[in-house]
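Colleague: Given chain B's structure and the hints, the job is docking chain G onto it.
2 protein chains.
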Amino acid sequence: MNHIIYKKLSDCALRREKADLVLKNARVVDVFTDAIYAADIAITEGRIAAVGSGYEGRQETDLGGKYVLPGFIDAHLHLESTMVTPNELISLAALCGTTTFIVDPHEAANVSGTDGIDYILDQTEHSPANVYVMMPSCVPATDFDDNGCILTADKMAPYLENPRVLGLGEVMNSPGVISGEPGLHAKLELFGGRILDGHAPSLSDEDLSAYVAAGIRTDHEASSYEYALKEARRGLHVHIREGSAAHNLKDIVNGIISDGICTENFSFCTDDKHVEDILRQGHIDHNIRTAIRLGIPPVQAVKMATINTARCYGLHHLGAIAPGRQADLITTDDINTLTILTVYHKGKRLDPAQTPVIRKCPDALKHTVRLEPVTSDIFRLPITKDEPHVIQLNPAQITTADVRRHFEKTENYIPSDGFCKVAALERHKGTGLTGIGICEGYSIRGGAVASSVSHDSHNIIVVGDNDADMAAAVNAVIRSQGGYSLACQGNVYDTLPLPVMGLMSEAGFHEVNKKLERMILQAHRMGVPEDIEPFITLSFLALPVILQLRVTPRGVLDTVNFRYIEY
Amino acid sequence: MNHIIYKKLSDCALRREKADLVLKNARVVDVFTDAIYAADIAITEGRIAAVGSGYEGRQETDLGGKYVLPGFIDAHLHLESTMVTPNELISLAALCGTTTFIVDPHEAANVSGTDGIDYILDQTEHSPANVYVMMPSCVPATDFDDNGCILTADKMAPYLENPRVLGLGEVMNSPGVISGEPGLHAKLELFGGRILDGHAPSLSDEDLSAYVAAGIRTDHEASSYEYALKEARRGLHVHIREGSAAHNLKDIVNGIISDGICTENFSFCTDDKHVEDILRQGHIDHNIRTAIRLGIPPVQAVKMATINTARCYGLHHLGAIAPGRQADLITTDDINTLTILTVYHKGKRLDPAQTPVIRKCPDALKHTVRLEPVTSDIFRLPITKDEPHVIQLNPAQITTADVRRHFEKTENYIPSDGFCKVAALERHKGTGLTGIGICEGYSIRGGAVASSVSHDSHNIIVVGDNDADMAAAVNAVIRSQGGYSLACQGNVYDTLPLPVMGLMSEAGFHEVNKKLERMILQAHRMGVPEDIEPFITLSFLALPVILQLRVTPRGVLDTVNFRYIEY
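In the order they appear, the protein sequences are chains B and G. 363 is the number that the UniProt record's numbering gives to position 363 of the first sequence; each next residue is one higher, with no gaps. 61 is the number that the UniProt record's numbering gives to position 61 of the second sequence; each next residue is one higher, with no gaps.
By construction, these hints were calculated from the structure, which means they are not laboratory data. Please note: incorrect hints may appear among the correct ones.
The list treats identical chains as interchangeable, and a pair is accepted whether it falls inside one copy or across any two copies.
[Claimed, not checked] In silico DSS-like links for lysine-lysine, alpha-carbon gap of 27 Å or less:
(1) Lys348 <-> Lys18
(2) Lys18 <-> Lys230
(3) Lys409 <-> Lys66
(4) Lys385 <-> Lys429
(5) Lys429 <-> Lys514
(6) Lys346 <-> Lys66
(7) Lys230 <-> Lys7
So here's chain B without its partners, still in its complex pose (with noise of 0.2 Å):
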């Protein structure tokens, strides 16, 4: 700590300066000793100097006896999934009581590498809330992908010195960790020492202990209790998410209480939640509030997201009320329903009436889709063979299966009876690759949907079951340098532009909601069922990682014997 700034401290402490804020007859809950007590909490230079009795302030605020608690940390999200800019989401989150984001920028990344990563640094250095990045790991996700960069341990050495750089982020590539792939452990050396975060949902229990055994010290996957207990076992503190798609609190969060276990090793992450959802229910609170609705004493669910968090993460000056610490702090009156008063990011309560500032984007980082327009000439697909493997979409849900169906021979395929033409095409090297293949279950009739949001590459991915349709849907996002677009019986119904690295828009969030929930009706009038979300679904299509059959720009992939499907 400057030593100036602990000379006001140290001052206000011994009562010889006042205070610029004591927020008086508070009821302190206390993560050390999981107690509550009354006291005053004198703030100076946006830190605790005390929490006693009689302290004076500049400023003096009476809480009636409130609780405070410390502000909330989401340990593990990604902040460009949600289609706003950084700190947007940010200070909307914020407002429901996170005021630490532990980040990983792999989305970012995958398109425009370290500046991808610079631009998420940038962006949220004077956001209302503490962000800190995890490197992203594994950019590429896996060799099958063609994406706009690959990060090597030599590009992330200098993001050791960045004090807001923890660690390693999420290391997907178990594979590669557990036979000692050079290149990733290259990695898992830079960052010894440092957190490593991991990935790994549904390891056996062999695998999972050679992971554990590399020095990775967390995971966000787990979902289910039994997972989770194998994991907390073998040492991984075990994030537990909730966010818009994934709901894995509930399973777990009952296993700890029917188990009684301890807590001390778990917290909270949202991992990816969109801005609708924040609104409608909050951010981490939602998750704290849930858990103490199952059974979880509030104290400790308070706990999975603060200290814990916070002591996994090395962030000594956050997570506790006590002195020296950040004066990141929460007002509530009720414990248990936990509904947020007011937020308190270094000592300075936050305006809910404010906007959050849209921070531009650098230009180069907002002409990353290196396409030309396209004819629908390269969305031809030739049947060669007699039963053709086709991507089935499992509804709600993200895997697919794989599943053969009966074709007619053809020099061009022409959809028909519900299935469609899906493709991927290489956006951030102009190399022309494009992948074709044939989905069931999307279902749109007479038209077409793209996207430049397709993890983990974030290449241009196209639904439809005309070829034309699918040509315009691509163009139209060409054009807009990254978004989504519907195209509908040859003309463009609709495009939502994210031009901030294909990823994002800069237009806010009301904006990108009015035109997305139109959008989505149009796909679903169209023909696309209910229970699947047009864009997000498509979105996930081209995920290698994920069961188990996958579009990229080389081909339908088989992510279970990782080959090539021909047609």
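Modeller: Structure of chain G alone, referenced to chain B:
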């Protein structure tokens, strides 16, 4: 972790290779979930590869359902205070299950500076336990000390590179912290982000807040539950001390149980525990047993000696039984009485029959008493005041009282009626500084006791009822280049040489103890009361941080008002 070692661990976890050792049929104490479960523990390359069933090893040991615990950690101790060489103490304590020692070599540093610290590091590098060093923060302890070395931040800086140096040792100078003293704050900043150990007995609420705000993270000086609670609430990790002299455990643990507070932020330490006490009652295992007997649930108590401490010091490879962690393990057949059956360090079973290795000390560190032989006239003490101050010993405590007594004015005071002269002779730099005073309560008749162990500067301290025996005892200590000496009616009764920095013997515990017992017996025969340990009491009479009068080479110091006494 080394890549080749990782591959072996991974192959073992995946059952591709046999383990070096499998502990079959263990009851594993899981400090992450607070549960105990049945499993085999597969160990390879000194690390745990997996905890599961059916693992095969080149060596297998059937535990038949015995409990296996992680090796214990002593959170804070001084190796040099035990008179034996470091490896001897560690070897004995390791057999009690303490496999990790977090040591502060501030005695060695006060005598020999960084050479003393290097000695501790070198001596313990191949000990049968993990030894980590906290850099002594207060060398010298006060501005009133004449010690062997001034340890500045600059001199400490190279130690940041040493992976066995974890942070800054107990910061005793709390006024310096609170007032922002630049030299001290330079040390706090040097170790910023690492662990800063505290030493904060009896601070006011305000002072303690200011002290903690400087980033201090631990304290081991709490002697009551009330004080420990005050520390815990401020975010200090409380090391509960139970050693040879300090007995803080019962009061603190009873309070924890009574209030039902969380024990996550509590650990165990010994601070100073002598070999005879270790042989009689154990080491950290004694702390755990006592806590369990008082009512702490066994797994909680074990955590206070394992994972809590490992986490506090960032020792991610220790403190738990999980893949990748070091195989420091203990077996017991009763989790309540905790009789230690076997201890494994890095997967190797410690052999209780093996005599501890006594490693040789560099020659220079055996020549640290830089003082010419003295004659009895240096102990001349003229009395010019009516009622001079007298140092009154408090039986069984290290504090003293400041009392006034009437003596006749004289050219040289000659003790009688149970009074003694006490003197401190600077021994590091040959300055010839000698401070002399009068004490009450030591009561030796016809002799003198001298010691080169005198906290924290370790000058020569001597107490006696006549100048000739005082000179004889001091000269015996000078001849042996450090040690304890007892002179009796003009002759040296015996000397225990402590030639290693004037603090330690290379003769081994049994030799030291035999001689010490004989000398203590004789001192009591010569009038030293039974409730005063003649050498330890003497060794604390020079420590200027303890109330109320102390003898230093510059004279008798009033440690309340920090001024020297005149006779």
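Colleague: For the identical chains here, do Lys348 and Lys18 meet the 27 Å Cα criterion within one copy, between copies, both, or neither?
Modeller: Classified as within; 17 Å inside a copy, 59 Å across copies.
Colleague: Indicate which option fits the pair Lys429, Lys514 if close means a Cα-Cα distance not exceeding 27 Å: within, between, both or neither.
Modeller: neither (32 Å within a copy, 82 Å between copies)
Colleague: Have a look at Lys18 and Lys230 and pick one of within, between, both or neither, based on CA distance no larger than 27 Å.
Modeller: between (51 Å within a copy, 22 Å between copies)
Colleague: When no copy is named, should Lys230 and Lys7 be tagged within, between, both, or neither for a Cα gap of at most 27 Å?
Modeller: between (47 Å within a copy, 22 Å between copies)
Colleague: Can you tell me if Lys385 and Lys429 fall within 27 Å by alpha carbon in one copy, between copies, both or neither?
Modeller: neither (32 Å within a copy, 94 Å between copies)
Colleague: For the identical chains here, do Lys346 and Lys66 meet the 27 Å Cα criterion within one copy, between copies, both, or neither?
Modeller: Answer is within: at 19 Å inside a copy they meet the 27 Å cutoff, but 51 Å across does not.
Colleague: Pop the pair Lys409 and Lys66 into one bin, within, between, both or neither, using alpha-carbon distances up to 27 Å.
Modeller: Cα proximity of Lys409 and Lys66: none, with 72 Å in one copy and 68 Å across.
The structure shown violates the earlier hints numbered 3, 4, 5.
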